[in-house]
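From just these sequences and the hints, can you work out the full model?
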Amino acid sequence: MGSRMVPGIVIVLLGLFVVLVPAVIFPTCETQIETAAGGTVPMRCFWSGRAEIGIGALIAASGLLMLAFRPALVRAGIAVATALLGVLGILIPTVLIGGCESPMMDCNTTTFPAVIVANSLIVVVCVITALVLARSDRRLQVQAQQQATTNVTLDERGATHIEH
Amino acid sequence: MNDKPLSTLNIALLNLRRKVFRTMGLVLLAALLAFTLLAGSVLSQSLDNGLNNLSQRMGADILAVPYGYEANVQGALLRGEPSTFYFDELTTERIAAVGGVIDVSPQLYLATLDSSCCAYPVQLIGFDPQTDFAITPWVSQTLDAPLTAGQIVIGSSLSGEVGQKLEFFNKSFVIVARLEKTGMGFDTSVFMDLDSARQLAQYSKRAGGHPVADNANLISSVMVRVQDGLNTKDVANDILQSYGKDGVRVVVAEDMISDVSSSLRGLTGYILVLIAILWILTVGVLLIVTAVTINSRRREFSLFRVLGATKGKLMRLILCESSIVSLIGTVAGMLAAALVVFPFSTFISMQLGLPYLQPSLPVLALLFVLCFIISLVPACLASIYGAVRIGKLELSRTIKEAE
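Which chain is which? The protein sequence lines are A and B, in order. Numbered by my numbering, the letters in the first sequence go through residues 1 to 164 in order. Numbered by my numbering, the letters in the second sequence go through residues 1 to 403 in order.
Simulated from the structure, these hints should not be mistaken for lab results. Backbone N, C-alpha and C define an ideal beta-carbon position, used for all residues, glycine too. A hint or two may mislead.
A few chain A positions that, by computed beta-carbon distances, are all more than 10 Å from chain B [what the hints assert, rightly or not]:
#1 9
#2 38
#3 51
#4 67
#5 68
#6 95
#7 103
#8 113
#9 116
#10 117
#11 125
#12 138
#13 151
#14 153
Residues from chain A shown here face chain B by an in silico Cβ test under 7 Å; the list is partial [said to hold, decoys possible]:
#15 102
#16 109
#17 110
#18 124
Right under this line is the structure:
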């Protein structure tokens, strides 16, 4: 029971961490870009931070689903989907949206390293969890097959015995 | 049903799993030691590299700056803190005339408020390519000809590739070279020739005014090289005595480096003390835990002996248990240290405010191996101690006592 819950709890905590990094712990850069019309718009890293909050929330929700479901194969499927969410969480600040160009800005010095590390850990935890669960499911299936074969053999013997 | 063979490894794993909290505590201690060891050694090695780089790249023996700006020039050089301070250009010629001075080169510092590369102030340094001896040697490999108007050299931490254009105060510059990582303020500085810097000051006047825009004869500092064999401090004193009344102050590079060196020594000292305390603590705790464990497991060991296990088998069991605990703790601690020290290196260097240059890959690999070995030593010591204790145990008496 305890060890079954560990991956789910770890994923929930890491997901919450991904939410909290851009929101509270290491916020993205606060500087606003002035537009030609005289208005201001947030910098690119702000949108990366927003996307990470959404991804973190989804990861935390996946962790809760892992806690709620019992079948190993279902939990393995959730783990694979969460690992892919973790990959998306890494791609957002690095490729898909990005951040400020200067490596000295807050987003590049703190926010992005923190979310990349957290998402990498999520990917590792989820891949290991999925592999372990898939293996245990296969083992259960083999055991069930062996059990079924034993029962059939017993039935055949039983039938022979009746004939005698 | 668990159908694993009763090998030493499996018995050790079962024993560790049975005492979850004790095992977790020991793993945590080993992890803490490995974390401190790796993070501390990477940190102190990076600071050491930064200091070596600073003394190599300094170029000048003395820096002449306006009165009251001695700390600013150090901030600009060490941390790239943008500064603007000026005195008359004639100071260069005056200092060149002081006995013992062999080379002088003026520099002009401008600070931007915004630019296309960076949304934070950047230090622009104008230098004279004809007389310069501090910056040119470091870009000579990538720069074929001296820097001309409209060309810039950028620090390693600024975004932009060679051939790309960058704008400062709406004036476009072509990047012709990029400095290697120095771990100093040079990483966030932009270098251009003196005339371009003065021209830029004119442009910046429109963006908010600049003293150099009103007086083109201003410079920020004079880099001074002293004749070999002469005492740098004596020459610096001569400059101060001759031109101190004109508002000229001197920063001796040797003193600046020794200031940084003493701060670094203090920090490295703290790291070493922390590592030593943790190492001794880990050895102590592991020895105590091994002693207590062996005492409390005397009956278990006696039963193993009755079942045919040799004393060697019991020693291997103790060795296996402490090795597993140390191995898991060490790997976890080193992984955690790597996840903190490497991704957050820029943040750490900014917080320390000291020259910070991460070691090369082979040095890092060596550090990893050394930290791994040192972290495993406490487990080896505990195992040896455990083996000696088991060797001395009179297990037959234990069985009789139990009866």
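Status of the stated non-contact between residue 117 (chain A) and chain B (beta carbon gap over 10 Å):
violated (5 Å)
Consistency of the no-contact label for residue 125 (chain A), given chain B and a CB cut of 10 Å:
holds (13 Å)
Residue 151 (chain A) and chain B, when compared Cβ to Cβ, separated by more than 10 Å
Consistent with the label, residue 151 (chain A) stays out of reach of chain B, its closest Cβ about 18 Å off (over 10 Å).
Beyond 10 Å from chain B, beta-carbon-wise, is residue 95 (chain A)?
Per Cβ check, residue 95 (chain A) is outside 10 Å of chain B; nearest 16 Å; holds.
Residue 68 (chain A) and chain B, when compared Cβ to Cβ, separated by more than 10 Å
Consistent with the label, residue 68 (chain A) stays out of reach of chain B, its closest Cβ about 25 Å off (over 10 Å).
Chain B contact restraint for residue 102 (chain A) - C-beta distance below 7 Å:
Cβ of residue 102 (chain A) sits 4 Å from chain B, so the hint holds.
The output says residue 67 (chain A) does not contact chain B. Does that hold with a beta carbon cutoff of 10 Å?
holds (21 Å)
Please check whether the beta-carbon of residue 9 (chain A) is more than 10 Å away from every beta-carbon in chain B.
Fine: 15 Å to the nearest Cβ keeps residue 9 (chain A) off the interface.
Verify this label for me: residue 51 (chain A) is non-interface relative to chain B, using a Cβ-Cβ cutoff of 10 Å.
Answer for residue 51 (chain A): holds, closest chain B Cβ roughly 19 Å.
Holds or violated: is the Cβ of residue 116 (chain A) farther than 10 Å from all Cβ atoms of chain B?
Answer for residue 116 (chain A): violated, closest chain B Cβ roughly 7 Å.
Quick check for students: does the CB of residue 153 (chain A) sit more than 10 Å from each CB in chain B?
Residue 153 (chain A) is indeed farther than 10 Å from all Cβ atoms of chain B, at 20 Å.
Confirm or reject: residue 38 (chain A) is not an interface residue toward chain B, with every Cβ-Cβ distance exceeding 10 Å.
holds (16 Å)
Figure legend: structure checked against the earlier numbered hints; hints not met, in rising order: 7, 8, 9, 10, 18.
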